[in-house]
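Colleague: So the sequence shown is numbered by my numbering: it starts at 48 and just counts up by one.
Simulated from the structure, these hints should not be mistaken for laboratory data. Since the model is a prediction, treat every value here as computed from it, not as a measurement. Treat the hints with caution; some may be incorrect.
Think about it this way: if two alpha-carbon atoms lie no more than 30 Å apart in a straight line, the pair counts; the simulated DSSO-like pairs of lysine-lysine are [as the list claims (entries may be wrong)]: (1) K69 - K131; (2) K209 - K232; (3) K232 - K173; (4) K71 - K82; (5) K127 - K258; (6) K209 - K94; (7) K127 - K209; (8) K405 - K69; (9) K316 - K528; (10) K127 - K69; (11) K232 - K82; (12) K188 - K210; (13) K94 - K210; (14) K131 - K404; (15) K127 - K173; (16) K404 - K71; (17) K86 - K131; (18) K210 - K232; (19) K128 - K71; (20) K172 - K128; (21) K404 - K173; (22) K69 - K404; (23) K94 - K172; (24) K128 - K69; (25) K128 - K258; (26) K131 - K334; (27) K94 - K173; (28) K232 - K258; (29) K94 - K188; (30) K86 - K172.
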Amino acid sequence: MNSLSLVFWSILAVVGLLLFIKFKPPTIASLLLSKDEAKEISIQFIKEFVGIDVENWDFYSVYWYDHDTVNKLHHLGILKKNRKVLYDVGLVESWRVRFVHQNQSFVVGVNANREITFFYADVPKKNLSGKFEQVSPETLKQRLMASPDGLWSRANMTGTGKKEEDFREVSTYWYIAEAGDIRLKVTVELQGGRISYIGTEQEILTDQMSKVIRDEQVESTFGVSGMLGSALAMILAILILVFMDVQTSIIFSLVLGLLIIIFQSLTLKEDIQLTIVNAYDARMSVKTVSLLGILSTLLTGLLTGFVVFICSLAGNALAGDFGWKTFEQPIVQIFYGIGAGLISLGVTSLLFNLLEKKHYLRISPELSNRTVFLSGFTFRQGLNMSIQSSIGEEVIYRLLMIPVIWWMSGNILISIIVSSFLWAVMHQVTGYDPRWIRWLHLFIFGCFLGVLFIKFGFICVLVAHFIHNLVIVCMPLWQFKLQKHMHHDQPKHTSL
48 MNSLSLVFWS ILAVVGLLLF IKFKPPTIAS LLLSKDEAKE ISIQFIKEFV GIDVENWDFY
108 SVYWYDHDTV NKLHHLGILK KNRKVLYDVG LVESWRVRFV HQNQSFVVGV NANREITFFY
168 ADVPKKNLSG KFEQVSPETL KQRLMASPDG LWSRANMTGT GKKEEDFREV STYWYIAEAG
228 DIRLKVTVEL QGGRISYIGT EQEILTDQMS KVIRDEQVES TFGVSGMLGS ALAMILAILI
288 LVFMDVQTSI IFSLVLGLLI IIFQSLTLKE DIQLTIVNAY DARMSVKTVS LLGILSTLLT
348 GLLTGFVVFI CSLAGNALAG DFGWKTFEQP IVQIFYGIGA GLISLGVTSL LFNLLEKKHY
408 LRISPELSNR TVFLSGFTFR QGLNMSIQSS IGEEVIYRLL MIPVIWWMSG NILISIIVSS
468 FLWAVMHQVT GYDPRWIRWL HLFIFGCFLG VLFIKFGFIC VLVAHFIHNL VIVCMPLWQF
528 KLQKHMHHDQ PKHTSL
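Sequences are here, hints too, so could you generate the full structure?
Modeller: Here it is, written out as structure tokens:
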């Protein structure tokens with residue numbers, strides 16, 4: 048490439064960056080409590096309502112929000128209308144924390160209003176026995192209320208009941224809380240006056256639930272297509288390696304496979320926390336559950352890495368047989384890849400900004416990567432998501448699929464178009480309405496990456512895809528951190 052091309056590409060990259068800065072997707076100010084606040088609130092709740100001090104117990108936590116309810120509201124077109132309600136009642140921006148000690152545990156859900164919205168005591172029944180003040184449903188509601196806009200201020204008692212479990216009487220209080228288009232059925236169980244369970248069941252007040260179910264089935268279908276595509280790609284790669292007389296180069300394939308495993312292992316700590324909070328059972332030790340989390344993470348990395356290794360081995364061999372230089376001049380490829388990533392960010396931001404302003408497109412931040420509801424994520428998780436999706440998708444849909452389709456059709460344009468189409472429809476495009484606009488955008492982006500692959504090589508498209516994903520995934524996290532540093536007071540909730 049001559050110096051004029053380098054200068055021109057640099058100018059385009061700078062323009063793309065400026066466009067992204069000006070038109071970057073808006074986010075919602077986060078009110079997520081800190082982990083320490085959630086822990087302290089949970090400790091005080093258990094001490095007051097169960098009578099057990101868990102301050103010195105082992106502590107685990109994960110960020111939580113009700114994806115199912117949010118997704119249904121998005122499909123109904125009423126998510127924006129109910130956004131503040133979701134926050135107020137704890138269906139977004141909440142923590143799930145677990146305390147563990149000597150095969151006993153408590154799980155607590157804490158929302159941003161400092162209220163307890165979920166609780167489960169996984170302890171021997173005898174630990175919940177003994178004298179403890181039995182309070183009325185209304186008194187209990189008042190004691191649990193921490194905000195005039197929260198869940199418990201909206202709750203109205205609908206009934207009570209009693210039953211016997213293991214020769215112990217269990218009292219149950221039922222409440223209903225309605226806000227916006229959401230109704231929550233709240234259940235509280237008490238043993239000897241001590242709370243043993245708090246749970247909610249969400250219901251959306253609509254007569255269009257059949258439409259929602261159809262839309263969710265479409266999303267699930269496209270989600271399955273991604274896994275099916277990976278399986279078919281690996282089978283195709285094995286057939287190429289077995290039956291075609293091609294020269295293979297194992298080094299780059301090993302590097303790509305190892306990168307997947309290494310970056311997957313970066314999130315071991317978070318995966319262990321998630322496993323313990325969601326899957327711990329008092330009949331198992333923490334070490335056992337942690338081991339399950341480690342094995343699950345490593346197995347995922349190994350399987351994904353193996354698919355990448357086989358597909359890249361076959362794709363690189365086939366491309367080399369055609370005389371394509373997919374890994375040559377890596378510095379040049381990285382330069383053009385960074386520029387392409389910035390250009391795609393700028394064009395995408397400008398396009399979506401215009402479409403939203405003209406009301407041709409509706410994007411729900413809670414379901415796309417445009418939101419600080421990902422503020423429970425760490426940078427390592429964002430890095431892992433970005434590198435895994437970039438390597439996996441580029442290996443299958445560019446490095447393997449373009450040479451295969453070109454070999455079958457003899458037409459490079461058909462290769463780029465077909466591979467880009469398959470790559471686009473593989474995405475669920477959750478959070479976009481209408482979905483076809485997002486699919487069209489992905490198709491065009493895929494064609495852009497396909498041209499870059501033919502023109503410069505695989506490293507270029509890998510870097511471009513990675514830059515695009517990393518910024519989109521991690522930008523909310525960076526903005527959340529910046530917001531916390533810049534504002535000492537708790538930020539006000541804002542709605543898009």
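Colleague: Mind checking the alpha carbons of K128 and K258 for me, to see if they're no more than 30 Å apart?
Modeller: 19 Å, holds
Colleague: Tell me if the straight-line CA distance from K405 to K69 falls inside 30 Å.
Modeller: Status holds; Cα separation ~18 Å.
Colleague: Quickly compare the C-alpha distance for K172 and K128 to 30 Å and report which way the hint goes.
Modeller: 43 Å, violated
Colleague: Would you mind confirming whether the straight-line C-alpha gap from K232 to K258 stays at or under 30 Å?
Modeller: 23 Å, holds
Colleague: Can the restraint linking K209 and K94 be considered satisfied, given a maximum Cα separation of 30 Å?
Modeller: Satisfied, since the Cα-Cα distance of roughly 24 Å is no more than 30 Å.
Colleague: Need the status of pair K210, K232: alpha-carbon distance at most 30 Å?
Modeller: 19 Å, holds
Colleague: Next pair to validate is K127 with K258; report whether the Cα-Cα distance is within 30 Å.
Modeller: 18 Å, holds
Colleague: Are the Cα positions of K69 and K404 separated by 30 Å at most?
Modeller: With Cα atoms ~14 Å apart, K69 and K404 stay inside 30 Å; holds.
Colleague: Is the Cα-Cα distance between K131 and K404 30 Å or less?
Modeller: This hinted pair holds, its Cα atoms lying about 22 Å apart.
Colleague: Does K82 sit within 30 Å of K71, going by the straight-line distance between their CA atoms?
Modeller: 29 Å, holds
Colleague: Can the restraint linking K127 and K209 be considered satisfied, given a maximum Cα separation of 30 Å?
Modeller: Outside the cut-off at roughly 40 Å; violated.
Colleague: Do the alpha carbons of K316 and K528 lie within 30 Å of each other, as the hint requires?
Modeller: 20 Å, holds
When each numbered hint is compared with the structure, violations occur for hints 7, 15, 20, 21, 26.
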